[in-house]
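Colleague: Each chain, letter by letter, is given below.
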Amino acid sequence: MYSPSQASPLLSVENLSVAFNQGIKKGPNQEIQALSDISFELVEGEVLGVVGESGCGKSTLARAILQLQAITSGQVLWQGEDLTKNTNDQNKAMREHIQLIFQDPLDALNPRMTVAQIIAEPLYNLKPELSKQEIQNRVVELMLAMGLQEQQKNRYPHEFSGGQCQRIGIARAMILNPKLLICDEPVSALDVSIQAQIINLLMDLKSRTGMSMIFISHDLSIVRQVCDRVLVLYKGQVVETGNASDIYENPQHAYTQKLLDSIPLADPAMERKRIG
Amino acid sequence: MNNTTNKNTKFQRFLASDFFYHFKRDKLAIISSIIFLILILLAILSPLVAPYNPYDLQILDIMDSELPPVWQQGGDPRFLLGTDDQGRDLWSTILYGMRVSLMIGILAVLLQGVIGITIGLVAGYVGGRTDNLLMRIADVQLSFSTLMVAIIILAIVQSAFGSDAFNQWAMVILILIIGLAEWPQIARTVRSSVLAEKEKEYVDAAKVMGFSPIRIMFKHILPNCLSPIFVISTVQIANAIITEASLSFLGLGMPVTEPSLGSLISIGKQYLFSGSWWITLIPGAFLILLVIVINLLGDFLRDTFNPKLYKD
Numbered sequence: 001m002y003s004p005s006q007a008s009p010l011l012s013v014e015n016l017s018v019a020f021n022q023g024i025k026k027g028p029n030q031e032i033q034a035l036s037d038i039s040f041e042l043v044e045g046e047v048l049g050v051v052g053e054s055g056c057g058k059s060t061l062a063r064a065i066l067q068l069q070a071i072t073s074g075q076v077l078w079q080g081e082d083l084t085k086n087t088n089d090q091n092k093a094m095r096e097h098i099q100l101i102f103q104d105p106l107d108a109l110n111p112r113m114t115v116a117q118i119i120a121e122p123l124y125n126l127k128p129e130l131s132k133q134e135i136q137n138r139v140v141e142l143m144l145a146m147g148l149q150e151q152q153k154n155r156y157p158h159e160f161s162g163g164q165c166q167r168i169g170i171a172r173a174m175i176l177n178p179k180l181l182i183c184d185e186p187v188s189a190l191d192v193s194i195q196a197q198i199i200n201l202l203m204d205l206k207s208r209t210g211m212s213m214i215f216i217s218h219d220l221s222i223v224r225q226v227c228d229r230v231l232v233l234y235k236g237q238v239v240e241t242g243n244a245s246d247i248y249e250n251p252q253h254a255y256t257q258k259l260l261d262s263i264p265l266a267d268p269a270m271e272r273k274r275i276g
Numbered sequence: 277m278n279n280t281t282n283k284n285t286k287f288q289r290f291l292a293s294d295f296f297y298h299f300k301r302d303k304l305a306i307i308s309s310i311i312f313l314i315l316i317l318l319a320i321l322s323p324l325v326a327p328y329n330p331y332d333l334q335i336l337d338i339m340d341s342e343l344p345p346v347w348q349q350g351g352d353p354r355f356l357l358g359t360d361d362q363g364r365d366l367w368s369t370i371l372y373g374m375r376v377s378l379m380i381g382i383l384a385v386l387l388q389g390v391i392g393i394t395i396g397l398v399a400g401y402v403g404g405r406t407d408n409l410l411m412r413i414a415d416v417q418l419s420f421s422t423l424m425v426a427i428i429i430l431a432i433v434q435s436a437f438g439s440d441a442f443n444q445w446a447m448v449i450l451i452l453i454i455g456l457a458e459w460p461q462i463a464r465t466v467r468s469s470v471l472a473e474k475e476k477e478y479v480d481a482a483k484v485m486g487f488s489p490i491r492i493m494f495k496h497i498l499p500n501c502l503s504p505i506f507v508i509s510t511v512q513i514a515n516a517i518i519t520e521a522s523l524s525f526l527g528l529g530m531p532v533t534e535p536s537l538g539s540l541i542s543i544g545k546q547y548l549f550s551g552s553w554w555i556t557l558i559p560g561a562f563l564i565l566l567v568i569v570i571n572l573l574g575d576f577l578r579d580t581f582n583p584k585l586y587k588d
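Listed in order, the protein sequences are those of chains A and B. Numbering-wise (this note's numbering), the first sequence opens with residue 1 and increments by one. Numbering-wise (this note's numbering), the second sequence opens with residue 277 and increments by one.
It is worth saying that the hints were derived from the structure and are not from the lab. Just to be clear, a hint being listed does not mean it is correct.
Said to hold, decoys possible - Short derived list, chain B residues pointing at chain A, Cβ under 10 Å:
1) E477
2) K483
3) H496
4) P499
Claimed, not checked - In silico SDA-like pairs for lysine to any residue, Cα to Cα no more than 25 Å straight-line:
5) B/K476 / A/L126
6) B/K476 / A/I32
7) B/K300 / B/G574
8) B/K483 / A/P268
9) B/K545 / B/A514
Claimed, not checked - Covered stretches of chain A, as calculated for chain B (at least 3 residues, CB under 8 Å):
10) 210-221
11) 234-240
Cβ coordinates follow ideal geometry from the N, Cα and C atoms, glycine included.
Based on the sequences and whatever the hints tell you, model everything.
Modeller: Shown next as structure tokens:
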């Protein structure tokens, strides 16, 4: 799948830092460093896993790449163009190529819009040249590809299960044929059998379209399955990065080892041996 | 869209909704809404329902003035609820007056809504200094009582343009004043729900699609803030009707030739001690009924849309 010798990177993040201002007064003492000095590159077709415990800055990283979060310093280069210096209008081209899948599937869908409206929405802004019929065809085609049924298109999000809502969210992200899909804990709110379905769906989409993915998760066993490369975050800093197989088989940093030890094993005998 | 799977029409969906479920179980809400609907219909259809046109000064006969209601001694069967000091049929005048009161109430709240929703949305969504500035303006506005502002402005307008011009434009001026004086109520409500809604992920999703803040505010956030707006608007209509009645009672509202409920009460108070209680009390009863049913409906809406609030 991934070979590091490929052409120039699709996305490169350089020395990215994000600080939150906590409290009323401004000043260095009130700041919380959410991300400090993050750098990585992503080439076409690659799946990068971002792992770490709660609060380590995984979601902030996703939000910073998408310009939803103001950054303190650093650069986010999309095909060589610095997104952090652009205005909203200039970033419109980028919006077509980078899409996001959210953690809470229901919360990410506007409760007052029908499924068809939700899925079609990105097109109204970014592809205004399409006719209504073309949009409708595309919506139905995607719904079927996501395992939804056409007659569900006039329903509202609350009428669907969590897994179905996540499929709707993926359909909305995929309607623009993005080159990079950022998945922010896409399955952590779902139960295990649904998790597998959604992961399979994502992997299927990836192999069909050849898009890149940034896969954010605290579930290391899933990351191992889907990712080519892994970035381990701890308190806003990259502690280790490398090929997935290397990291899982031969973790270098103490924190990575600890994280890996926290994966529950399916075999009780082995689990006991490890704890013992 | 008319395929067989889509049997749920809007109306059927409404009948199956939680809202209707709660409504069916709330006797007070059912009674209030029936009374409210009757009052609204009477007000809208007043030219058809009312036996006389109270604005037509030619049919008035001074000999008919201050006749009591039919059930009292000396009552005239032509005038069901009696007449006022100019010989106007009280029942017709009340119907026309209710129309004026409701119109002022609803239009004033529409104006409040337009101003309040826009300011509340911007303050809540943009946040920071804009939010501070707009909310401080709202605080200043709220620190004046509506009546005080209204009395000052109405007095100035009346003396500047003369009472003829004032009488002609009284309704428009009242709507403008009540609308402008009460927008912070709606702005605050909208702002607080925007603050809650804008943290939700669907707003981020809309940002990722590259939509402008204006579209996100009006297309995505506003539809999700409608229930509290609906609740407060109902209460504000009742408030606006009361404000208009108070101003008319003070002689600053609707002119005697086109009386609202408040002006009727005001006319009647001069005759109260000469025994003609009906000119004041009957319009007063209608005003109270109208305001009570609107407030009860507002309470019902609030309880239904926000069950966490105000319930033990």
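Colleague: Please go over all the hints and tell whether each is borne out by the structure.
Modeller: Structure-based check of each hint:
no. : hint            : verdict
1   : E477            : holds, 4 Å
2   : K483            : holds, 6 Å
3   : H496            : holds, 6 Å
4   : P499            : holds, 4 Å
5   : B/K476 / A/L126 : holds, 22 Å
6   : B/K476 / A/I32  : holds, 22 Å
7   : B/K300 / B/G574 : holds, 16 Å
8   : B/K483 / A/P268 : violated, 46 Å
9   : B/K545 / B/A514 : holds, 23 Å
10  : 210-221         : violated (count 0)
11  : 234-240         : violated (count 0)
Violation of the numbered hints given earlier is confined to hints 8, 10, 11; the remaining hints are satisfied by the structure.
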